[in-house]
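J.: One-letter residues, chain by chain:
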Amino acid sequence: MNPTNTDGHNHYTDLSQIHQWTHEQFLKRAKTKPDRRCRIALAPAQDEPFLQGVALASEAGFLQPILIGNERRIHEIIDRADIRINADWRIIHEPDAMDAVAHAATLIKQGEADSLMRGRIVVYDFFKTLFHPERGLRDRKQFWSQVGILQIPDFPRLLIISDCGLNVNPDLHQKVRIIENAVDLAHSIGITTPRVALLAAVEAVYLKMPVLVEESILAHFSRRGGFKDALLDGPLSLDLAISPQAAEKKKMTGEVAGRADILIVNNIYVGNSLYKSLVTLGKAQAASVVVGGHVPVVLPSRSESPQDVLHSLALAAGLWAQRTTGEGPE
Amino acid sequence: MQPISKMPPLRSAQEIIERAKDIGKAQGIQRVVIAAAQDDDVLEAVHNAQLEGIAEGVLVGDRQRIRSLCKTIDVDPRSFHIENVPDETQAAIRSAEIAAAGDACAIMKGFLPTSTLLRVLLSKKYGLRQVDTVSHVAVLTVPGYHKLLGITDGGIVVRPDFEQKLAIISNAVMICRAMGIQLPKIAMLATIDMVREEVPETLECATISRMAEEGQIPHVQIEGPVSFDTAVDRRVAEIMGFGSPVMGDADVVVASSIEEGNILAKSLINFAGAIFSGIIAGAKVPICLVSRADSAMNKMSSIALGVVCGAAWEQMDLSFPIYTDTYRQKAW
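So the sequence lines, in the order shown, correspond to chains A and B. Per my numbering, the first sequence starts with residue 1, numbered consecutively. Per my numbering, the second sequence starts with residue 1, numbered consecutively.
One should not assume that every hint holds.
[To be verified] To spell it out: a stretch of chain A is covered by chain B in this simulated footprint if at least three of its residues, at any positions, have a beta carbon under 8 Å from a beta carbon of chain B; those stretches are: (1) 39-45; (2) 230-243.
[Unchecked claim] BS3-like, lysine-lysine: derived pairs with alpha carbons at most 30 Å apart: (3) A:Lys249 x B:Lys6; (4) B:Lys71 x A:Lys251; (5) B:Lys284 x B:Lys71; (6) A:Lys283 x A:Lys228; (7) B:Lys284 x B:Lys25; (8) B:Lys71 x A:Lys208.
Source of the hints: derived by calculation from the structure; they are not laboratory data. None of these values were measured; they are calculated from a predicted model. All C-beta atoms, glycine included, are put in the ideal place defined by N, C-alpha and C.
Isolated chain A (complex conformation):
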């Protein structure tokens, strides 16, 4: 399966193709590197749906979990939910939530873990620890952002949405980095020319609304070649971005209107509500990772099903395999 064999655009229809992509990355990696699983540290690990998702990923064969947290409670959950654990699972006792995350970061720095996943901890505490100058993982030059990939019933392709979970109120520079990160992820999974829509409430540019002005600047920046191998337009309302009929009715032309692969939102409030409307009432399945760092960080939202956690883990493991093969866009 190659989603890009015709025109470089998005031909993914569902998330199982992401699993297949991950599988291919592991095969490619195995040609040059020792064949092993991706070691993902889950911190803090005492969370039932997350552990179930990790068990699914372990069964699928691409993941070796490292569970960091309250050991007694982890075992309780494993027993109660009847989660099948493999002999290669590691469990590390670290009862304090923030310390558990710091421990995961240390494992990554020492090369004992390849990626990490948010467990039972508030997102902002999780990232506070990861962004800590000594205990954390972030390099000052790096810009981290959350990217979600959604499979929506009756919608013909996967949709990539950013940033729904990390950057609260990005300024213009940060938005450029958010777009770059999302486009990089699209390139990684084989969408060589993603179509990026900058979302707003309307498509007209009213100078009194800063969002519209900023998005117009970004669209112009893109027309002058600001983003490599991506087509970008904005501001666009949601229906104009994704519905060819709506785009036609409103006589909206351009490469992006009606055909967007990537939706960039203006702030976290917009992104989070959009993402959650899709996974709750829209019955979408989702994979969610934070990119921009040395390692992909898995960031499932706490209401997600084990199946969604599995999708996120597959995506992160695939990114790890690709990166360690020395291939891919970076």
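Assemble chain B onto chain A, guided by the hints.
T.: Same frame as chain A, now just chain B:
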């Protein structure tokens, strides 16, 4: 007929349409005045609403244009009452006068900018001004949600400040009460369910939620900050261990900005198959508006919602006391 606001709560677009018809049967068909009616989409929607017995249209606008448009959409112009006012601002003013005189229960936007219409309605001259801020509420019938879901404000107020948020809430409450929801459950959206200074929006939500708890905002249950999934999904609310009656059972969600409200509503319409009935509240009469992209059902239910609100508000006390200092000063 019992007061409209005391009737059982409405749960879907279909029920909104049925109630509008019932009101028509009991009190005589309700009239909706259309400002600058020279718009084929609007004419068609009004024509359909008339056929269904939902409302009767009073068309204010360019008579010649209206007649020629009626020909193109194959509607008999004689089925409408038309007042010839070609200028769009004058048409807005004339519509306001008709509504203020009690000859129409709702105003519908035709072929003129929303801002022109709102400027007339908010001007003290025509007697329709109610509060300082008008706001849009998208009332959605979402498959998979057990009641109607209001989303506000995705259409008018760009970045509501504190006072504007209170006004947006009171406007939404007026619509809920017209729909028979006695004690509306309102969720203030802010991405996460706890107060964190990293997410500034949560602070304001918590303040407003506390005000409601204290009784400063009466006739309403408010919870905030909440994320969208805890607001509409009881399972998530239970996982998180929240005991609030609003969570998982919200009647209205209040967005932090026009982008959030707009994109959220469009997400549910495009991806979750929601039917949309839109209305602007805050003036003494409701303002219906339909957009070109709306389906026939969306348009019909929007007009019906206008009729339900308009007829209910005629029977209700519209003053909605919020006890902040400024409001108190105004009240005294």
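J.: Can you give the numbers of the hints that this structure goes against, from lowest to highest?
T.: 1, 3, 5, 6, 8
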